[in-house]
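Enquirer: Protein chains in written order, with the numbering used here: chain A, 3 to 342; chain B, 3 to 342; chain C, 3 to 342; chain D, 3 to 342.
Simulated from the structure, these hints should not be mistaken for laboratory data. Just to be clear, a hint being listed does not mean it is correct.
Any copy, or any two copies together, can satisfy a pair, since identical chains are not distinguished.
Keeping only pairs whose Cα atoms sit at most 20 Å apart, straight-line, the calculated EDC-like set for lysine to aspartate or glutamate is [what the hints assert, rightly or not]:
| id | residue 1 | residue 2 |
| --- | --- | --- |
| 1 | 53 | 37 |
| 2 | 12 | 297 |
| 3 | 143 | 92 |
| 4 | 260 | 46 |
| 5 | 9 | 263 |
| 6 | 206 | 269 |
Number of protein chains: 4
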Amino acid sequence: MICMDVKKIKIAIIGAGYWGKNLVRVFYSLRDIVDLKYVCDLDEKKLQYIKSWYPSVITTTDTKIIFNDSEINAAVIATQVGLHFSLAKEALLSGKNVLVEKPMTETREQAEELVALADEKNLILMVDHTFLYTGAVREIKNLIKNGEIGDVNYFDSERINLGLIQPDVNVIYDLAVHDISILNYLINEKPTAVSAFGKSYITKKTEELAHINLEYASGFTAHIHVSWLSPVKLRKTLIGGSKKMILYNDIEPSEKIKIYDKNVSMDYETETPQSPIYRSGDISIPRIDNIEALEFEANHFINCINRKERPLSDGKSGLRVIEILEACNRSIKEERKINL
Amino acid sequence: MICMDVKKIKIAIIGAGYWGKNLVRVFYSLRDIVDLKYVCDLDEKKLQYIKSWYPSVITTTDTKIIFNDSEINAAVIATQVGLHFSLAKEALLSGKNVLVEKPMTETREQAEELVALADEKNLILMVDHTFLYTGAVREIKNLIKNGEIGDVNYFDSERINLGLIQPDVNVIYDLAVHDISILNYLINEKPTAVSAFGKSYITKKTEELAHINLEYASGFTAHIHVSWLSPVKLRKTLIGGSKKMILYNDIEPSEKIKIYDKNVSMDYETETPQSPIYRSGDISIPRIDNIEALEFEANHFINCINRKERPLSDGKSGLRVIEILEACNRSIKEERKINL
Amino acid sequence: MICMDVKKIKIAIIGAGYWGKNLVRVFYSLRDIVDLKYVCDLDEKKLQYIKSWYPSVITTTDTKIIFNDSEINAAVIATQVGLHFSLAKEALLSGKNVLVEKPMTETREQAEELVALADEKNLILMVDHTFLYTGAVREIKNLIKNGEIGDVNYFDSERINLGLIQPDVNVIYDLAVHDISILNYLINEKPTAVSAFGKSYITKKTEELAHINLEYASGFTAHIHVSWLSPVKLRKTLIGGSKKMILYNDIEPSEKIKIYDKNVSMDYETETPQSPIYRSGDISIPRIDNIEALEFEANHFINCINRKERPLSDGKSGLRVIEILEACNRSIKEERKINL
Amino acid sequence: MICMDVKKIKIAIIGAGYWGKNLVRVFYSLRDIVDLKYVCDLDEKKLQYIKSWYPSVITTTDTKIIFNDSEINAAVIATQVGLHFSLAKEALLSGKNVLVEKPMTETREQAEELVALADEKNLILMVDHTFLYTGAVREIKNLIKNGEIGDVNYFDSERINLGLIQPDVNVIYDLAVHDISILNYLINEKPTAVSAFGKSYITKKTEELAHINLEYASGFTAHIHVSWLSPVKLRKTLIGGSKKMILYNDIEPSEKIKIYDKNVSMDYETETPQSPIYRSGDISIPRIDNIEALEFEANHFINCINRKERPLSDGKSGLRVIEILEACNRSIKEERKINL
């Protein structure tokens, strides 16, 4: 009993907005292994809300109290993007393990600095790429790894809905960040070039819809369509393999993944001219665990701290995402393809 | 009675493949106003098939018989794309009105030559952009024209399925040609720039999937996604207006168009910083006539001949489509944006 | 060549309405093995229509010409239901094989008489229960026969849409006839009791919506919901097995059958009280041939004539359907359960 | 400020199972107007769970503490059905207002006794028919009340899914109770007859699927299909009016109600025989507030206590539901239609 109490990871959550509240709920639910000591926000109303639901939590507007508290093992950062870097840096410098909201930082340089700092300090730096912890994405990863769909030809994703237009980042940093993290996780290859096309109709400042093309040395390509200006909410990804194809529809409550036993190939044994051969077999919909991804992820963060293990979505994976996000913005600005 | 018989337009259909057979069926069904005299194809089997269903039709492998027959008022050309130009040219030179399958020609120069020739000869030159004759597209045209959706911000179309990979043209010439013709019809503005991205995985020759971005001086933008390598068949277009938004799903048997009374705007009267305002009202699904588009179109062709009127999808509209198709192919080849 | 010509089955189609036209098209398309000699209807306009599309066919308003023509091997009857019996009887008496539209007759007595007459004359009597010839229903039959879904617990079908209200029969005779024929085909057991509930809102004469419950000695039960007054068109059947369950959605263009590896069972080894155990595995969607059912069926009719074989949907199966239809109507009239 | 504190309604929740936990969450969230003092359950584990999330709440296994606490204004009862009557009765006798889970009681006599007791004591007796508080059902009520759909001809509901098989009540008491409460709310008429058909395949004790027919003097009819043995989850209700028809699909996240401007009527001015006339116009999908129904309902309960007003789902409406539930069970047992 005493033993177990000693092992409880003491954490602080910085940022109590929409996502911060989810993190508070989930980390509080892990109270057998986590002691959620602080929640910090500059908005007193948000702190009152937290206090009224979780009276045992200390609320504060001052991050210094957290960073100076030697009991705290880890800081979870869920503020606006512009503060991620400075808060994560301060947390690491104070010896805290860090889970930071996506995107990890605003720039590649910042991301590199955090990664180096975490390595130097031997601390966990993890990015909240929640989708990597969903049953659906893990199932797709397995299907690809096991060779079931053959060579992966393309990844084509659509993540569109009405709003919420962010005040500080564009739709790529807000929505495409998910697809890019999923893509990087599924495909063991870095893109060689990025072309992005974006447009702002409402704010006339930050892109509200965008299309991104990614090219890879192997011939694999990816396309990502994101929008805050769609009347309908769609979260749909097609993954085309040489043997099978996958439709991943995250809107579906229970049938998120459909595996189509379909492909097209050339019959190189027939006479010239060769014609494509189409094969259409059954469709299967694998059963997927419906554990909440955020809970799975929070557990993973705590386990990585306890076991000193590298998380799935570590700082390096966060950095690889930032590199692509940055290239997208450069491509839009310079109206050309950016080679990586 | 005699009167009516005199007015019957005598036509020949050249090409009896998949689409040619549809044309034969539809023009034969108009036998009150049309006399389908000839069907021509190089493949004797296809001609036998036509003969067995339509014993009254003369089948031939020789286009000269058609072009030399002074009774023939019009030729309908439904061959492979590579033959469109030469056959349409010969038909016009022989004094025949022409309905030619989409895309009108392989190159812009050819399209321009046909348009000029038809003008010179005072003959109807019409392109079979069937979608312009569907109830759904005509309804969307009305919604835009009446100002019901406000300023049109974007057009985003997805036309994907498994196959059929064409031997002579890429997926842009085969599928995006539909979206481009619809786009040109709906939007009274010519694009200023085209960027296209395409890839061939199976044949290693012609693009089997592609993404196209179109830019316009007014700020309107369009994106078209076409693929022969999708496990699912999708035909979905989003049209975002400043007042309302449209989802056009051509797969739906009866509810093809949904009009969302949704928009986002900036409140310029509030203090700085301004926040977007989201409005979400009702959705309406207008009833659409389900007259077969091809029948509607065939009637239109015959009426244009009889009344010496310019068809909706005339040679010039066909030419404007070819210009964009050609720019797409150049963009893919030169890996850069093409200014028009 | 002569041989083949000799073997061609000479047929006449009586009734050139909506379904009759389909039959004409399909039997004409089988002209390698069928000679469609006559089409008969009382409506001269319908005959003109047939003649204009199929000039080689003899059209007539007089069935006697057909029955007296010794060349004719088979009569296909697609008139209104009230004429099925007398025409089929006359055809059989004239030595013609018969394919009759569903429902076979108006009464059980009539059905029994036709079955007896066909047996006596050694002629084929087949009922046009088209759904038995679809890939979907044949696939479900296989799944049941192979034991893949275990014991079949229930069959629950919904076949509803707006109209067409029939002038001569109620919605049970028009629509539930399909479900009953499918049910009889899938389940090798006769119902022991039928309760039906129906209502007429528009015509105040014939039921426009109905619900039918069927009970069986084995414990299996079936329910059929049919309606002409639904704003949406649904064709959905659930089949619950002790091992797996099937959703058959006939509206789906390609994914008509979903097999759910789901079941509920009692764990009789645990202590009292026993709790149900739920198992949810993958879902599979088998590929189904999309041969047109009517073509498949027409071929089957001709083959049965040539080989003197009993058709799948023979007179006896038609009779079994009529028995249930009649019990439904009695149940509605007498407002009670009818034991069979 | 003091004023407001004085007015806070002090409540106890009895039963901390699946639904009880929801009630605790919702009533706790209303802490500006509610003081959730006690949560009671016989299962200590459930109480520990409540205590760990809501440390301020007193947990107890003894209902006497609650009924004897004169501070308590209201008891919310969410136990198994068998305890509803005795707990509600004791609560009313102790002078507490009562919100009781659906179905209100096991028998009509019990329901009548509670209604009489609440009247006598001048206390609020409310039944948790949650669906009456959803935006969708309130919208449908308005559409009917405003005459927009004309005379209501039929109500046809399907509420099916896999499990959860209840240990104490059958699928009618568990699921059809929702449809019956909605039906009673929408239609100002009492049924004259009930026929139900149910079957138990798994437990061999309580019905796991059922079909219910309800008849009304006006000619209106209703059908309800409920099942715990369906592989798919469906919540779909069709409501057919003489002017328009409604499809209410509660599974849809945002487009729950579709209003079809469709109807069928007889043209009594045409010659004999009259033919039905079909009208198909637009479809509209009204925007519906997505306030959580349970929160809306909890607020309503508190307001009714404060203002001494009769709740929408008062004891009498609960009683009317029980009458129909009881008739369903009798109909199944006696295998006949039950006149009410």
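Enquirer: Taking the hints in turn, state whether each one holds.
Expert: Verification of the supplied hints:
1. 53 with 37: both (15 Å within a copy, 16 Å between copies)
2. 12 with 297: within (17 Å within a copy, 34 Å between copies)
3. 143 with 92: neither (34 Å within a copy, 57 Å between copies)
4. 260 with 46: neither (46 Å within a copy, 43 Å between copies)
5. 9 with 263: neither (48 Å within a copy, 42 Å between copies)
6. 206 with 269: between (52 Å within a copy, 13 Å between copies)
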